[in-house]
Amino acid sequence: EQSGRFSENLREDVRGLLSLYEASQLACEGETVLEEATAFSSEHLRARTTRMDKR
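Here the sequence shown is numbered in this note's numbering, starting from 135 and rising by one per residue.
Warning: the hint list may mix true and false statements.
[Stated by the list, open to error] Now the in silico label distances, taken between C-beta atoms and shown as ranges:
#, residue 1, residue 2, range
1, Arg185, Gly164, 30 to 38 Å
2, Thr184, Glu142, 28 to 36 Å
3, Met186, Glu163, 32 to 40 Å
4, Gly150, Thr184, 30 to 38 Å
5, Ala173, Asn143, 31 to 39 Å
6, Met186, Ser141, 18 to 26 Å
7, Met186, Gly164, 31 to 39 Å
8, Arg139, Arg182, 17 to 25 Å
9, Thr183, Ser141, 15 to 23 Å
10, Ala173, Arg149, 28 to 36 Å
11, Ala181, Ala161, 20 to 28 Å
12, Thr166, Glu142, 28 to 36 Å
13, Leu160, Thr183, 31 to 39 Å
Rather than coming from a laboratory, the hints here were simulated on the basis of the structure.
By construction, the Cβ of each residue, glycine as well, lies at the ideal position given by its N, Cα and C atoms.
With the hints as extra help, turn the sequences into a complete structure.
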């Protein structure tokens with residue numbers, strides 16, 4: 135994440151990404167950290183899925 139809000143190590147932790155995504159779905163409007171968590175986790179879960187599809 136560019137702002138450094140999320141750990142770089144989390145990018146390779148599928149369970150951690152999924153947990154972050156699930157937790158971020160509880161966000162209320164205006165909770166920017168949780169909105170950023172949704173974007174971050176979604177992006178990296180999609181990337182992980184794409185890499186798995188290429189195998």
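Going down the list of hints, with the structure as the test:
Between Arg185 and Gly164 the CB atoms are about 34 Å apart, so this pair conforms to the stated range of 30 to 38 Å. Under the hint 28 to 36 Å, the C-beta atoms of Thr184 and Glu142, about 19 Å apart, miss the expected range. Take Met186 and Glu163: their Cβ atoms lie about 33 Å apart, and the range 32 to 40 Å holds. Between Gly150 and Thr184 the beta carbon distance is about 18 Å. The supplied range of 30 to 38 Å is therefore violated.
In this structure, Ala173 and Asn143 break the distance hint of 31 to 39 Å, their C-beta atoms being roughly 18 Å apart. Distance hint check for Met186 and Ser141: the Cβ-Cβ separation is about 22 Å, which falls inside the suggested range of 18 to 26 Å. For the hinted restraint 31 to 39 Å between Met186 and Gly164, the CB-CB distance of approximately 34 Å keeps it satisfied. Hint check: Arg139 to Arg182, Cβ distance near 19 Å, so the stated range 17 to 25 Å holds.
In this structure the supplied range 15 to 23 Å holds for Thr183 paired with Ser141, their Cβ-Cβ distance being about 20 Å. Between Ala173 and Arg149 the beta carbon distance is about 19 Å. The supplied range of 28 to 36 Å is therefore violated. Under the hint 20 to 28 Å, the C-beta atoms of Ala181 and Ala161, about 22 Å apart, fit the expected range. At about 20 Å, the beta-carbon gap between Thr166 and Glu142 misses the expected band of 28 to 36 Å.
For the pair Leu160 and Thr183, the beta carbons lie near 23 Å from each other, so the given range of 31 to 39 Å is not met.
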